[in-house]
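2 protein chains.
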Amino acid sequence: MSQRSNGPYQLIYWPKIPGRGEFIRLALEEAGADYTDTAHKEDGINTVLSLIDKNYEGDQSGPPPFAPPILKHGDLRISQTPNILLYLAPRLGLAPDGDAIYHVNSLALTALDGLSNEPHDTHHPIAVELYYEDQLEESKRRSESYRKNRLPKFLSYFERVLKPQAAQGRPWLYGETLTYADLVLFQGIDGLKFAFPRALSKLEKSGEYSNVFKLYETVKNRPRIKEYLASDRRQKYSMGIYRQYPELDDAE
Amino acid sequence: MSQRSNGPYQLIYWPKIPGRGEFIRLALEEAGADYTDTAHKEDGINTVLSLIDKNYEGDQSGPPPFAPPILKHGDLRISQTPNILLYLAPRLGLAPDGDAIYHVNSLALTALDGLSNEPHDTHHPIAVELYYEDQLEESKRRSESYRKNRLPKFLSYFERVLKPQAAQGRPWLYGETLTYADLVLFQGIDGLKFAFPRALSKLEKSGEYSNVFKLYETVKNRPRIKEYLASDRRQKYSMGIYRQYPELDDAE
Numbered sequence: 001m002s003q004r005s006n007g008p009y010q011l012i013y014w015p016k017i018p019g020r021g022e023f024i025r026l027a028l029e030e031a032g033a034d035y036t037d038t039a040h041k042e043d044g045i046n047t048v049l050s051l052i053d054k055n056y057e058g059d060q061s062g063p064p065p066f067a068p069p070i071l072k073h074g075d076l077r078i079s080q081t082p083n084i085l086l087y088l089a090p091r092l093g094l095a096p097d098g099d100a101i102y103h104v105n106s107l108a109l110t111a112l113d114g115l116s117n118e119p120h121d122t123h124h125p126i127a128v129e130l131y132y133e134d135q136l137e138e139s140k141r142r143s144e145s146y147r148k149n150r151l152p153k154f155l156s157y158f159e160r161v162l163k164p165q166a167a168q169g170r171p172w173l174y175g176e177t178l179t180y181a182d183l184v185l186f187q188g189i190d191g192l193k194f195a196f197p198r199a200l201s202k203l204e205k206s207g208e209y210s211n212v213f214k215l216y217e218t219v220k221n222r223p224r225i226k227e228y229l230a231s232d233r234r235q236k237y238s239m240g241i242y243r244q245y246p247e248l249d250d251a252e
Numbered sequence: 001m002s003q004r005s006n007g008p009y010q011l012i013y014w015p016k017i018p019g020r021g022e023f024i025r026l027a028l029e030e031a032g033a034d035y036t037d038t039a040h041k042e043d044g045i046n047t048v049l050s051l052i053d054k055n056y057e058g059d060q061s062g063p064p065p066f067a068p069p070i071l072k073h074g075d076l077r078i079s080q081t082p083n084i085l086l087y088l089a090p091r092l093g094l095a096p097d098g099d100a101i102y103h104v105n106s107l108a109l110t111a112l113d114g115l116s117n118e119p120h121d122t123h124h125p126i127a128v129e130l131y132y133e134d135q136l137e138e139s140k141r142r143s144e145s146y147r148k149n150r151l152p153k154f155l156s157y158f159e160r161v162l163k164p165q166a167a168q169g170r171p172w173l174y175g176e177t178l179t180y181a182d183l184v185l186f187q188g189i190d191g192l193k194f195a196f197p198r199a200l201s202k203l204e205k206s207g208e209y210s211n212v213f214k215l216y217e218t219v220k221n222r223p224r225i226k227e228y229l230a231s232d233r234r235q236k237y238s239m240g241i242y243r244q245y246p247e248l249d250d251a252e
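Line order of the protein sequences matches chains A and B. According to full-length UniProt numbering, the stretch in the first sequence is residues 1 to 252, in order. According to full-length UniProt numbering, the stretch in the second sequence is residues 1 to 252, in order.
A few of these clues could be false.
What the hints assert, rightly or not - Listed below are the simulated DSSO-like cross-link pairs for lysine-lysine, each with C-alpha atoms no more than 30 Å apart in a straight line:
#1 LYS226(A) to LYS153(A)
#2 LYS140(A) to LYS16(B)
#3 LYS205(B) to LYS54(A)
#4 LYS153(A) to LYS205(B)
To be verified - A short, non-exhaustive set of chain A residues, derived as facing chain B with CB atoms under 7 Å:
#5 PRO64
#6 ARG141
#7 PRO164
In short, the hints are calculated from the structure, not lab data. By construction, the Cβ of each residue, glycine as well, lies at the ideal position given by its N, Cα and C atoms.
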């Protein structure tokens, strides 16, 4: 396998939250790739901190990263979640050949926007440097907008993408096989099920997004993903992107 | 030129705002590429609307786009700003060969996050579907956080990226020639100078980000960019990402 030629992949990410690192982990796990993960190393956090230190100016491996996740592979060190996925996908067999990768990339970027970046802002709508408690009322308003408007808009979009695929017997967002866009969608829905269990349950039961939730289950039951999710390598949701604040969810 | 083989590029974007379409336009303009732009066509908005219609399921050119900007080139239709830039850059000579494009892409993604997506949220921190006036107080708080914390953090980051480059006599974010990341940084700073003139003036005068503002001027004075900015093709800022609300800027 070509990935072996540069040795194992090294994921550099915060410990104790799945976070944005999870999108990278799922790609590596689905492919059965050989990788290391600072989240499971005793001094892993220091590796993260040294690379985002305000005095670090980068080296021959690449410019300084703005934030984790960071991937190191051989002499190359890159950052930004969709960028790392784009690098990994052809090497891991998670993207089609040729220009079709741009279709998959647009779907992955949209899923990251709508199912990961926007959910983060539901508990930090005013300022990332403030505590949640100091933007509680604003979080309630933003979460309501997200649950009632934005999330249904994104789910409707993905349902629309999946419909012609389903008509051809394909559960995937693009083409005939699983791509990294499917993994991003899975992780987004999984995180949202944790953060907004009541809202997600209602959306699922509505039946309006049946292909989206079917894809979620299909990914969840891929043999390697299933094994991964049951393993110690899968970290619990806590205070990352997806947080379970009942006051931000639908009423009972 | 390889771009000719598939005919001119077709940019599909809202009329009357530079918006996210501007990142694409600057790449096309810098390269002197042959392109059309729905912003300057009489029924251009209908092209946008038909492609994001809630019943449109895509066709052989690609899945339905979630939102503009959309690029059509030959038989390929793609969306998402960083995805379109990634497609165009190698064709327009705006990215290095090989894996170095992942460095440029991470810089472009970071600039889009910090200088375009976050500025948008300063005037819509609670809900994109609400009027600015209905989230005015929240916008003031978010803008203050952006001006005082987030923007300086991003500017410091890019200054740090530029410092070792400047030591080698290179004004660019990466490598020896201009890349699309430089164009994204230019447009971000340009939009912010419109939206927050007082804050940007102070940040520039502080001298802490001299390489960032030097790069801004360098891009602005590229012959094709200069000609473009002075032309009718460059639209005025209005009610897009970058809005000039004096109450959101620094005090006089």
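Consistency of the hints with the structure:
1. LYS226(A) to LYS153(A): The hint holds at about 29 Å.
2. LYS140(A) to LYS16(B): violated (33 Å)
3. LYS205(B) to LYS54(A): Judged against 30 Å, a Cα distance of about 21 Å means the pair holds.
4. LYS153(A) to LYS205(B): Not satisfied, since the Cα-Cα distance of roughly 43 Å exceeds 30 Å.
5. PRO64: Holds, because the Cβ-Cβ distance from PRO64(A) to chain B comes to roughly 6 Å (cut-off 7 Å).
6. ARG141: Holds: closest Cβ of chain B sits about 5 Å from ARG141(A), inside 7 Å.
7. PRO164: holds (5 Å)
Checked against the numbered hints above, the structure violates hints 2 and 4; every other hint is satisfied.
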